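**Q** Following the hints, position chains B, C and D against chain A.
Chains as they are written, first to last, in our numbering: chain A, 1 to 323; chain B, 1 to 323; chain C, 1 to 323; chain D, 1 to 323.
Keep in mind the hints are simulated off the structure, nothing from the lab.
Nothing here was measured: the structure is a model prediction, and the numbers come from that model.
Cβ coordinates follow ideal geometry from the N, Cα and C atoms, glycine included.
Check the hints yourself; a few may be wrong.
Unchecked claim - Where chain D lies over chain C, by a calculated footprint (3+ residues, C-beta under 8 Å):
1) 219-228
2) 236-243
3) 246-255
There are 4 protein chains.
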Amino acid sequence: MSKVRIGIIGTGYIGNVHARIYARESRAEVAALYDIVPEKARKTAASVGGKVCGSREELFENCDAVLVTTPNKTHTEIASHAVAEGKHVFCEKPFSIGLTDAQKLLAVAESSAKVFQVGHNRRFAPVYVKLKELLSADKAHSAHIKMNRGELLNPVWTGDTNVTGGFLYETTIHLFDMMRFQFGEIAELVAYGSQHEYPELDEFSIIFKFKSGFHCTFASSSDASWHFPFERIEVFCHHRTIMTEEMERLLDSKGIDANFETLSWQMTEKEERWGYVQEDKAFLDAVLNGNQPPVTALDGFKSVELVEKVYQAIRTGEKICFD
Amino acid sequence: MSKVRIGIIGTGYIGNVHARIYARESRAEVAALYDIVPEKARKTAASVGGKVCGSREELFENCDAVLVTTPNKTHTEIASHAVAEGKHVFCEKPFSIGLTDAQKLLAVAESSAKVFQVGHNRRFAPVYVKLKELLSADKAHSAHIKMNRGELLNPVWTGDTNVTGGFLYETTIHLFDMMRFQFGEIAELVAYGSQHEYPELDEFSIIFKFKSGFHCTFASSSDASWHFPFERIEVFCHHRTIMTEEMERLLDSKGIDANFETLSWQMTEKEERWGYVQEDKAFLDAVLNGNQPPVTALDGFKSVELVEKVYQAIRTGEKICFD
Amino acid sequence: MSKVRIGIIGTGYIGNVHARIYARESRAEVAALYDIVPEKARKTAASVGGKVCGSREELFENCDAVLVTTPNKTHTEIASHAVAEGKHVFCEKPFSIGLTDAQKLLAVAESSAKVFQVGHNRRFAPVYVKLKELLSADKAHSAHIKMNRGELLNPVWTGDTNVTGGFLYETTIHLFDMMRFQFGEIAELVAYGSQHEYPELDEFSIIFKFKSGFHCTFASSSDASWHFPFERIEVFCHHRTIMTEEMERLLDSKGIDANFETLSWQMTEKEERWGYVQEDKAFLDAVLNGNQPPVTALDGFKSVELVEKVYQAIRTGEKICFD
Amino acid sequence: MSKVRIGIIGTGYIGNVHARIYARESRAEVAALYDIVPEKARKTAASVGGKVCGSREELFENCDAVLVTTPNKTHTEIASHAVAEGKHVFCEKPFSIGLTDAQKLLAVAESSAKVFQVGHNRRFAPVYVKLKELLSADKAHSAHIKMNRGELLNPVWTGDTNVTGGFLYETTIHLFDMMRFQFGEIAELVAYGSQHEYPELDEFSIIFKFKSGFHCTFASSSDASWHFPFERIEVFCHHRTIMTEEMERLLDSKGIDANFETLSWQMTEKEERWGYVQEDKAFLDAVLNGNQPPVTALDGFKSVELVEKVYQAIRTGEKICFD
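Same shape as in the complex, but just chain A (with noise of 0.2 Å):
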């Protein structure tokens, strides 16, 4: 294979951002280009190139890989689509929404010979590399967590849970990826929710328990504000904490005094601070390569039960273990 022919399905904002990387990818070239919306293609075709398809098979036709970056709820269909037509896929997070189309997903993914990955950029994001590394070198005893929102009114489908599929698959579910990413498998969780300004639950508190003993506060607002960070990890090991502020900066407080250490991503772009090259580079690397891409269909389906899981225990009032 000379250069991989990237096919984007859905042309909207994720995928002119993975479409502009790939533009500058010399592995790589925007071949194929197809939204229902045919001016959106038409519009990404004009700043990087591609043939806009008036339909996912002409894509199909025109391309080895491709990204499914369009509305959560079509994601299953789509990704098994191209699974089925044998291609390399690149789905955007969520994996998929609900049990059941997850579980579906996971078993198409799984029997297909390519490559098959699923966008959570954050595990990529340099904070987030770092994080994971300066852990594999202490012992993390508990953690506290928060992923908000300032509102669900920009873009306006954000509230609406016919497109989000429910307020944590938007962007709390990074977190829950993340989790795992960092502290390992979840062997119980607790959850509250309760729901004020949009038509679905919008505030949660949650404890996950891991199977390494691990425990963490994780706390979710739909509509809190976007003061930074509204994203924070905060780890605490022996007599030290390691915070994360979103993706611009991670503070390690090691010792027994208030002295920090500052990592800043601030003079990073942002499609590199976010993770966003690494983890098309990643991708093209699976497909290079043959190997395994860093985020799998089952990670990408955990992350998935995760979030049905904090649901079902908020519905219920109980406790969920995991086996």
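**A** Chains B, C and D alone, transformed into the frame defined by chain A:
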């Protein structure tokens, strides 16, 4: 009564904080001091005046109001003694150790015709007074709270459960009381704990659900770090995050952008910034005017009850429901 | 004129920033591109469209307005050429290098019947627009300003005075223009400089006195660090400090306590946060409506004059007075 | 000498700060107190002990060392008197007001066989001790310094030049001394000043050039705001910015990224964080061991000289050169 004659039992760090404040108060005088290490009482007397007494009885004879500023485990017995002698009592936190003692002291205090106030100074700290004022004009949805220490080494007894009654009795109990002050009575709690560096549970993940429907996460670590702020309350309202950072600052981010206002008490002397001056004034007000003190024996009892119920929740793995 | 046909000479970093912005503008199109390294122009064309031209002449034939986004030393000659061809000109900062060239280009620009705008984008950055708005309603007494770089290594030409014309021409000149924008015309300056790591003056301490009586300190270092904020303006008014931190935040502390309000542009995309989108719109407005551009050739000239006068003050050890 | 008998002339705010520190010192005792308002001396005595004296003479009879903690303008006369009586003298800053007085007191102090120390406490503050340590291992290129107040209202005499001798004598003089401590002797200065809210010059822009070639900007405003940090030193080294924020924090950003280390003295009690405890220990050391005090009369004189030369530079519009 011309000047309230203050007797102080226990002239360690916190006894001296109050001694210095009362020494400047025109409505009171430091009249009598008692410590089981007489040299310590003499040192305090040298700086703020007052008779160094050879026994509690001698102290009671020389004062109208007693400050119980001894180690945690002795509060019940000493405060009961002072009530029995007909004295007004200011009892430092924690009110007592264990539910049995707490119930005993509550009964004693409620039978007293005199004032009985508990030393939850944070209720008087300007930052928390301001938070309560803001929350009285807006509706809190949920909160994310942490209360850490950097170590249990300084002073050495902070790591000795025979002195503290357990880590949660040390400083965490202040924020248990604070939650009731800000958010009302608690309906349920779930908790996870683990033990790492000290011979007791030293890391906690808790969710409190309140009778109002409000819920919050609460993390507490004994040996995280002293990184500012080690004490933080983040309250999420409608398009609003209000955050306190120790007793130094309150940040209020209203609306759907990332702007915020910061109130700072950096220029306020610590004794006032931490509410000690105000709680001592409130105690004198109650003594002189016969009104109810702002932090009652029942408040003291309930903070102890929360500590014990968190430990019980961890021990049993069960959700705790309050009547 | 249906759409303004934009021609871009120099398709390096900043040329591409403008190219991407014009590619999204409905009132303009990227029509022609020229670079002495043709491959660079081709790359830009691939992403935003436009004819790749083999010469400046070919470019002039295919556009109405020219962006001069080449290295500093070529601005005078290229911009003069574009004016001579009757084109609207947007000339990146610095306007030119050296007083002789600056005077020459000023004469050319002022003789043009078309628009001539200089690329001092910071005037359009929301943080500086807000500062100007606040200062129009209050009286500034003095200011304390710094404009640092962390190194002159990336890109390599930043350390080459043959390209930059001297360190002050690099980014410091932006804040020289900003001072005039915020505080008016300058009456006097005194300056000290020293040379440490690069073969040119690389550390500067300056005082500017303005015709209004206002005065400010100004520090600029070429190799301090990228510690946030490396660009900071602190303005002191009556019981008020207003502080900008790069183009990210504005802090406004009014009154005699330590409270303050923070406006943050963290959620704004960089192209807008840095004012590029707005300056390109302003250029189009001037071209289409025939009005004066908001940053004129005279503004460009005066920023160059300030650079040269600071160097002169250091060389001579004398105070510089402007007419 | 068993215990150094301390006599305090002037028992206002700063007199009491030192009184409390000496009251805890095993090598000293607060032996005598004198204030022209006897009630104030009595109040201090009630809290730290010591004989309340009816005259300076009575005080001199009862002490070995005298603290001159009276208003600025009286320092020369009182400190001279104490030297004449053969006492060790600790003279609060400013050393004196005006060059004539400063020269007079310098001659007196240098003729004394006893210790004469000046109260530039900031030299002992951990943040500035640390800065000096870092700068001894790296080469400073230039600096950017500010020293503001939020108002001259509290206490009221801060706005009365008859008491202060002029705004620069208030707190700015501390950082004039600090510059000499950190960067060495000054060779030249240029300065601009203006008058806005108070009946004296209240806004200053200064450049100091040092004998080493080092140079720095220095801004000082009397009524900016108390926004943290109102006292800040930023030192620029090779690929490094070291910044102090009041006496709370030191930030050290080394290398060409935006990372930095923060040392915090937030957990240190104010009397030590501000260097008072350490300067009082140093004074006792000098008294008991006969060594030179760390802040000499000459240091005191030179800080006064800098104040006067800045005022002269503003008056004359001329550069000031030191021998």
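**Q** Look at each hint and say if it fits the structure.
**A** Verification of the supplied hints:
{"no.": "1", "hint": "219-228", "verdict": "holds (count 8)"}
{"no.": "2", "hint": "236-243", "verdict": "holds (count 7)"}
{"no.": "3", "hint": "246-255", "verdict": "holds (count 4)"}
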